[in-house]
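Novice: Protein chains in written order, with this note's numbering: chain W, 1 to 362; chain A, 1001 to 1085.
It cannot be assumed that every hint is accurate.
Distance condition first, Cα-Cα at most 20 Å in a straight line; then the derived SDA-like pairs of lysine to any residue [said to hold, decoys possible]:
no. : chain 1 : residue 1 : chain 2 : residue 2
1   : W       : Lys-72    : A       : Arg-1012
2   : W       : Lys-11    : W       : Gly-334
3   : A       : Lys-1075  : A       : Phe-1013
4   : W       : Lys-72    : A       : Asn-1037
5   : W       : Lys-82    : A       : Arg-1052
6   : W       : Lys-192   : W       : Ser-167
7   : W       : Lys-325   : W       : Ser-298
8   : A       : Lys-1062  : A       : Ala-1028
9   : W       : Lys-24    : W       : Pro-355
10  : A       : Lys-1075  : A       : Glu-1065
11  : W       : Lys-265   : W       : Thr-340
12  : W       : Lys-82    : A       : Arg-1050
13  : W       : Lys-72    : A       : Leu-1014
14  : A       : Lys-1075  : A       : Gln-1009
15  : W       : Lys-11    : A       : Gln-1009
16  : W       : Lys-89    : A       : Glu-1065
17  : W       : Lys-29    : A       : Leu-1014
18  : W       : Lys-29    : A       : Phe-1013
19  : W       : Lys-82    : A       : Leu-1045
20  : W       : Lys-11    : A       : Arg-1012
21  : W       : Lys-72    : A       : Leu-1010
22  : W       : Lys-192   : W       : Asn-239
23  : W       : Lys-72    : W       : Ala-43
24  : W       : Lys-265   : W       : Glu-244
25  : W       : Lys-72    : A       : Pro-1015
26  : W       : Lys-29    : A       : Arg-1039
27  : W       : Lys-24    : W       : Gly-334
28  : W       : Lys-72    : A       : Arg-1039
29  : W       : Lys-325   : W       : Gln-347
30  : W       : Lys-11    : A       : Gln-1080
31  : W       : Lys-89    : A       : Arg-1050
It should be emphasised that the hints constitute simulated quantities derived from the structure, not laboratory data.
Single-letter residue listing:
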Amino acid sequence: MADRAFIASRKGLFELAYRNGEWKLEADKSFFGDPVSMVLHDARDGATYACLNLGHFGAKMHRRDAGSAEWKEIAVPAYPPKPQDSADKVDWSLRQIWSLEAGGQDQPGVLWAGTLPGGLFRSSDRGESWQLVEPLWDVPERTQWFGGGYDVPGIHSICVDPRDSNSVLVGVSCGGAWLTRDGGASWQLRTKGMAARYMPPEMQDVGAVQDPHRIVRCGAEPDVLWCQHHNGIWQSRNNAESWEEITAPLSSFGFAVAVHPRDGKTAWFVPAVADQQRVPVEAALAVNRTSDGGASFSTLRGGLPQEHCYDLVYRHGLAVADDGKTLLMASTTGGAWLSTNGGEHWQTISTTLPPVYAVRFN
Amino acid sequence: MAQIIFTQQLARFLPVPALETRAATLRAALDGAFADNPRLGAYVLDEQGRLRANVVVFIDGKRSELDEPLRSDSKIYVLQALSGG
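Whole structure, please, built from the sequences with the hints as guidance.
Specialist: Here it is, written out as structure tokens:
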């Protein structure tokens, strides 16, 4: 059972510990004052990774090994030089590490990092070195990608298939959903059914312009994927062969989604009004949960602020622990809430944290 | 010899003692500093070898680019630009 959770914020990495039946913020903080864009606990070896985005001095990565209290700076992904004859308008330099995931159980030490401006990188040595996944960087459709959330495209979701570590689906804002079955050597767009309603009518079903805000995979039912998209919620039951749109109460707009690790029919969303008004509906924070694959939803509000609440939960601001009932969410205005009963009731962890980019359980 | 002084903002991340250099250009001076302190390079330059957007270098009171020539008594300050927030 998870006994630790991580909150990556604009001003450092905070940790929650479960002791004596209670989740509490730890007094100690890491990287205090510096933006931490992503955090990952690797269950395979117990290491924790923190991605920093030092405004002046670039993106950095640190690793804390199991049982250690010390962080060690490790390598960051680096883009190769852009060929002189390249027409690519994107600057080939690392802006930010936006997503970080462990490889499969049979690939110890393998990590995947999704970055701005859109490169996927792979490490086979626990982040001591990184290689750009060139076949994805080189797909012709990348010329159609554009910024969503940031000025440049970025990879925010990396879903390794637990049945086959060489099968990985990534989500790109804005560049669609891409699947490899050969460890990254070749990639296919997998957005059939999605709709980009911010595009001209004739372009709404173009794959490489879709803006999946976040995509998550059910560990026990790996063919089930949930996507909180810019234009709504989509679900796939066939490993992204096709996607079906789902309508949620209050609003289908939002950024975050979490899926139950063993039950692909259960997923959580944090609705916001719309893209032009990124706040909770009627300034009252709510979580939408479906337990039947999207046929119906419960709107959960227990313990959440219901007046003058303008908290937005960003892409990586919602996580579910391995038990499928402990949830943590945190907002871009520093609110953090934890539930131990699937979202029925939430405990306030803080309302005064720095802006939160990502939350994770161990 | 020319002197290189790094902002103490960097000392939060790694040691940045003041250095002396006989290099002819800023780029060569920095290359020498990074040879002695390999992690430092990625804090000052991006992976394409350009000065980071929010790092500034002043040589003898003048904001300078990497190809700036150095005098034997130049004073080089590598600082964080306030543009970076």
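Novice: Each hint: holds or not?
Specialist: Each hint tested on the structure:
{"no.": "1", "hint": "W/Lys-72 / A/Arg-1012", "result": "holds (14 Å)"}
{"no.": "2", "hint": "W/Lys-11 / W/Gly-334", "result": "holds (11 Å)"}
{"no.": "3", "hint": "A/Lys-1075 / A/Phe-1013", "result": "violated (23 Å)"}
{"no.": "4", "hint": "W/Lys-72 / A/Asn-1037", "result": "holds (16 Å)"}
{"no.": "5", "hint": "W/Lys-82 / A/Arg-1052", "result": "holds (17 Å)"}
{"no.": "6", "hint": "W/Lys-192 / W/Ser-167", "result": "holds (18 Å)"}
{"no.": "7", "hint": "W/Lys-325 / W/Ser-298", "result": "holds (15 Å)"}
{"no.": "8", "hint": "A/Lys-1062 / A/Ala-1028", "result": "holds (18 Å)"}
{"no.": "9", "hint": "W/Lys-24 / W/Pro-355", "result": "holds (19 Å)"}
{"no.": "10", "hint": "A/Lys-1075 / A/Glu-1065", "result": "holds (14 Å)"}
{"no.": "11", "hint": "W/Lys-265 / W/Thr-340", "result": "holds (19 Å)"}
{"no.": "12", "hint": "W/Lys-82 / A/Arg-1050", "result": "holds (13 Å)"}
{"no.": "13", "hint": "W/Lys-72 / A/Leu-1014", "result": "holds (12 Å)"}
{"no.": "14", "hint": "A/Lys-1075 / A/Gln-1009", "result": "holds (18 Å)"}
{"no.": "15", "hint": "W/Lys-11 / A/Gln-1009", "result": "holds (16 Å)"}
{"no.": "16", "hint": "W/Lys-89 / A/Glu-1065", "result": "violated (23 Å)"}
{"no.": "17", "hint": "W/Lys-29 / A/Leu-1014", "result": "holds (19 Å)"}
{"no.": "18", "hint": "W/Lys-29 / A/Phe-1013", "result": "holds (16 Å)"}
{"no.": "19", "hint": "W/Lys-82 / A/Leu-1045", "result": "holds (16 Å)"}
{"no.": "20", "hint": "W/Lys-11 / A/Arg-1012", "result": "holds (14 Å)"}
{"no.": "21", "hint": "W/Lys-72 / A/Leu-1010", "result": "holds (16 Å)"}
{"no.": "22", "hint": "W/Lys-192 / W/Asn-239", "result": "holds (11 Å)"}
{"no.": "23", "hint": "W/Lys-72 / W/Ala-43", "result": "holds (18 Å)"}
{"no.": "24", "hint": "W/Lys-265 / W/Glu-244", "result": "holds (13 Å)"}
{"no.": "25", "hint": "W/Lys-72 / A/Pro-1015", "result": "holds (15 Å)"}
{"no.": "26", "hint": "W/Lys-29 / A/Arg-1039", "result": "violated (24 Å)"}
{"no.": "27", "hint": "W/Lys-24 / W/Gly-334", "result": "holds (16 Å)"}
{"no.": "28", "hint": "W/Lys-72 / A/Arg-1039", "result": "holds (12 Å)"}
{"no.": "29", "hint": "W/Lys-325 / W/Gln-347", "result": "holds (13 Å)"}
{"no.": "30", "hint": "W/Lys-11 / A/Gln-1080", "result": "holds (18 Å)"}
{"no.": "31", "hint": "W/Lys-89 / A/Arg-1050", "result": "holds (17 Å)"}
Hints 3, 16 and 26 from the earlier list are contradicted by this structure; the remaining hints agree with it.
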